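Enquirer: As they're listed, the protein sequences go chains A and B.
The numbering used here puts the first residue of the first sequence at 1, with every later residue one more than the last.
The numbering used here puts the first residue of the second sequence at 1, with every later residue one more than the last.
For the record, the hints were derived by calculation from the structure and aren't laboratory data.
For clarity, every value in this text was computed on a predicted model and none was experimentally measured.
In this text, a Cβ means the ideal position worked out from N, Cα and C, and glycines have one as well.
A portion of the hints provided could be inaccurate.
[Unchecked claim] Estimated spans, in silico, between C-beta atoms of each pair:
#, chain 1, residue 1, chain 2, residue 2, range
1, B, D32, A, D56, 38 to 48 Å
2, A, R39, B, G94, 32 to 42 Å
3, A, R39, B, A87, 37 to 47 Å
4, A, S116, B, E92, 40 to 50 Å
[To be verified] Under the rule of at most 27 Å between Cα atoms (straight-line distance), these lysine-lysine pairs were calculated in the DSSO-like manner:
#, chain 1, residue 1, chain 2, residue 2
5, B, K43, B, K108
6, A, K43, B, K108
7, A, K108, B, K108
8, A, K108, B, K43
[What the hints assert, rightly or not] Some chain A residues flagged as far from chain B (calculated, every beta-carbon gap over 12 Å):
#, residue
9, Q18
10, A51
11, N105
There are 2 protein chains.
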Amino acid sequence: MERIPILRMGDLLLVTIQVDLHDQVAMQLQNDLTNEIERINAKGVVIDISALEMVDSFIGRLIADTSSMARVLDAETVVVGMRPAVAITLVELGVAMPGVRTALNVEKGMALLMQSRRED
Amino acid sequence: MERIPILRMGDLLLVTIQVDLHDQVAMQLQNDLTNEIERINAKGVVIDISALEMVDSFIGRLIADTSSMARVLDAETVVVGMRPAVAITLVELGVAMPGVRTALNVEKGMALLMQSRRED
């Protein structure tokens, strides 16, 4: 089965979404990601969606849910690489993604996570 | 058209291959990657293939070629996350990938690139 790789960099995790997230892949990702957060005691997750040219409310909710799951496991999530068209669609769909932080690219997302860790 | 995202982290680039690399996607990736190396003056490229459960000689050669292209642009390539089955297949296919360095995971690959940069 298709599986989205989760890359570890220190105590941060990086997920790059490139494929269509149908139910099965999405659930597998949430499962893998929560397990990995627990396993390595991750402090942050960066989700890169620069490859996604469009999103629907399913993906929007998936990202919001994944971020909430990470939060209860004490890891902060930053979504990076969102295209302008995707931002427009998400707002129009009413998927507000509360509590999800965003950054322009992976580098800035990682910097954001490291900075907020230092402030703790 | 499908496009594999290239993530920038400092002066290193990270490519995670998750989808089947047919000709068109592969050529697009080589094109994007060489342009990006030149644009940001990248010193290293990490190619993560942990999502690939099998490879054929096309992908093997593609990785070797991409690495050679990066080298002439003064960037070193490290392939990470290769599965044991993939390593077996590559050797059996006779795709030796000369000059391509490998590491167990992204973190170790990045460490390798930073180390070899310090030695310069």
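Enquirer: Hint by hint, work out which the structure violates, then give me just those numbers in ascending order.
Expert: Hints 1, 3, 9, 10 and 11 are the ones this structure does not satisfy, whereas the remaining hints hold.
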